[in-house]
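Enquirer: In case you want the letters, here they are:
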Amino acid sequence: MPECTAKTNALMPLEVSGLNLDLAGQLLIDGIDLTISEPGVTVIMGYNGAGKSLLLRLLHGLISQTSGTILWAGQTQSNAVRQRQAMVFQSPVLLRRSVSANIDFALKVRGQLDAAWRDELLELVGLADLSARPARLLSGGEQQRLSLARALSCRPDVLLLDEPTANLDPASVAVIEDILKSACAEGVKIIFVTHDIGQAKRLGDEIVFLHQGKVAEQSAAEAFFTHPTSQVAQAYLEGRIVV
Amino acid sequence: MQDGGSAFALAFGLLASADADLLEIIGLSLRVSLTALLASCLIGLPLGALVATCRFPGRSAVMVLMNALMGLPPVVVGLIVYLQLSRTGPLGWMQLLYTPTAMIIAQTILITPIIAALSRQVLEDLHTEYSEQFRSLNVPWRSEIAALLWDGRFTLMTVALAGFGRSIAEVGAVIIVGGNIDHLTRVMTTAIALETSKGDLPLALALGLVLLVIALAVNALVFVMRQAAAKFAYA
Numbered sequence: 001m002p003e004c005t006a007k008t009n010a011l012m013p014l015e016v017s018g019l020n021l022d023l024a025g026q027l028l029i030d031g032i033d034l035t036i037s038e039p040g041v042t043v044i045m046g047y048n049g050a051g052k053s054l055l056l057r058l059l060h061g062l063i064s065q066t067s068g069t070i071l072w073a074g075q076t077q078s079n080a081v082r083q084r085q086a087m088v089f090q091s092p093v094l095l096r097r098s099v100s101a102n103i104d105f106a107l108k109v110r111g112q113l114d115a116a117w118r119d120e121l122l123e124l125v126g127l128a129d130l131s132a133r134p135a136r137l138l139s140g141g142e143q144q145r146l147s148l149a150r151a152l153s154c155r156p157d158v159l160l161l162d163e164p165t166a167n168l169d170p171a172s173v174a175v176i177e178d179i180l181k182s183a184c185a186e187g188v189k190i191i192f193v194t195h196d197i198g199q200a201k202r203l204g205d206e207i208v209f210l211h212q213g214k215v216a217e218q219s220a221a222e223a224f225f226t227h228p229t230s231q232v233a234q235a236y237l238e239g240r241i242v243v
Numbered sequence: 001m002q003d004g005g006s007a008f009a010l011a012f013g014l015l016a017s018a019d020a021d022l023l024e025i026i027g028l029s030l031r032v033s034l035t036a037l038l039a040s041c042l043i044g045l046p047l048g049a050l051v052a053t054c055r056f057p058g059r060s061a062v063m064v065l066m067n068a069l070m071g072l073p074p075v076v077v078g079l080i081v082y083l084q085l086s087r088t089g090p091l092g093w094m095q096l097l098y099t100p101t102a103m104i105i106a107q108t109i110l111i112t113p114i115i116a117a118l119s120r121q122v123l124e125d126l127h128t129e130y131s132e133q134f135r136s137l138n139v140p141w142r143s144e145i146a147a148l149l150w151d152g153r154f155t156l157m158t159v160a161l162a163g164f165g166r167s168i169a170e171v172g173a174v175i176i177v178g179g180n181i182d183h184l185t186r187v188m189t190t191a192i193a194l195e196t197s198k199g200d201l202p203l204a205l206a207l208g209l210v211l212l213v214i215a216l217a218v219n220a221l222v223f224v225m226r227q228a229a230a231k232f233a234y235a
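Protein chains in written order, with our numbering: chain A, 1 to 243; chain B, 1 to 235.
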């Protein structure tokens, strides 16, 4: 497995303080304080409804917080900051175009259309032979690989992933994990939401465990899986339900 | 006045012989309706895209208005255009009344709300699907609209064909502003109305058959396009 490099990352550290999100009177993100400064893969885990996907969307600036601050290397979210990030959603959102045109679109938006780079990415995700095929005719795993290639096409400093391998077959999961490890080795910071404990063990360098919109625990992956400090994380790892 | 059977026989005879008057009327009808359709698409599609993607005060009122205007009565549109283009109207100096251009203007006013309202719905659904991804990619507003129009092209063609169906079959507006002048502004629908009132059923029937064939062709085209788009997952 390629090691994640400690190369200087223009968006690190990520500092979140007093983050709240109130929707229709419900406090869905409740005073999160969090600092992520280490390179590698930070996995966000937690039960359904813990606020994992919302936190990821807040970090990427897709939704606005009710209060609190999110600082990427000391800067608040802006188009310039988002330009250095990329996000992969649980359900791939692909344009009604060919595989290669989907990547070209992302590159063209940034004024960086580059056929050689696009072909290199398609080769990396194993879709080079399918470049002319309509993207929406690809299998679920292929669609997610294309999403990942499109995200990487922007050469992001930070890659945010919201359960990208949920509902995929094991072969597709393995391919995506390999791509993520390669990206990480290139110095890309990865923030990854998953339910899959096995996957978190395989990929994670650091775990952030959310419960009811709060950070219940943040620790190095090894420590988290061997000695979780919070009761709720312990219950989660043991497969118990916490109401 | 002929009975129905002989009128049909004469109508087929006119069609088979490619009667010059008949072809002239069909040609003008297609020219007027297709030009109106083009103008309506140029106005209606960006308007639909704008309302679909932007949030602004009064947006709901604009949507209600656009939907309401889909049901514009053609005679009312004809009357309004007539008042603008008549010698004493504000645009009378252009001398467009009783010309094909006046008919194109009237039909454009009639079908633009249809194109705008239906495309708004199509593009809004597409925008809902794409919006987070666009935001994530920092897609500028203009590129966003261009992408929506391109990706929605097959469904939007259906919308355009619905507008074309409305314009080619419309009689009230074109008869008021065109005047149904022989060899100048006579189109299929106005000719059918005139020839029927005169009792000349073969020409009316022949034109009616052509209209039906056009309606059938338009629907067949829509069907084929939708099938092809679905097959290649572009729909």
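Please note that a few of the clues may not be correct.
Claimed, not checked - Here are a few chain A residues that face chain B, going by a calculated C-beta distance under 10 Å:
no., residue
1, L62
2, S147
3, R202
Claimed, not checked - So these bits of chain A aren't anywhere near chain B, every CB distance computed over 12 Å:
no., residue
4, P13
5, Q83
6, A101
Derived from the structure by calculation, the hints contain no laboratory data. C-beta: ideal position from N, C-alpha, C; glycine also.
Enquirer: Hint check: is the beta carbon of R202 (chain A) less than 10 Å from a beta carbon of chain B?
Expert: 26 Å, violated
Enquirer: At a threshold of 10 Å, is the proposed contact between S147 (chain A) and chain B supported by beta-carbon distances?
Expert: 9 Å, holds
Enquirer: For the restraint on L62 (chain A), tell me whether the closest CB of chain B is nearer than 10 Å.
Expert: 6 Å, holds
Enquirer: A cut-off of 12 Å on Cβ-Cβ distance, and P13 (chain A) was said to be off the interface with chain B. Does that hold?
Expert: Nearest chain B Cβ is 22 Å from P13 (chain A), so the label holds.
Enquirer: Could you let me know if the closest chain B CB is still more than 12 Å away from the CB of A101 (chain A)?
Expert: Since the minimum Cβ distance to chain B is about 10 Å, A101 (chain A) lies within 12 Å and the statement is violated.
Enquirer: Per the stated criterion, does the least C-beta distance between Q83 (chain A) and chain B lie above 12 Å, as a non-interface residue requires?
Expert: With a cut-off of 12 Å, Q83 (chain A) comes too close to chain B, as the shortest Cβ separation is near 6 Å.
In summary, the numbered hints that this structure violates are 3, 5, 6.
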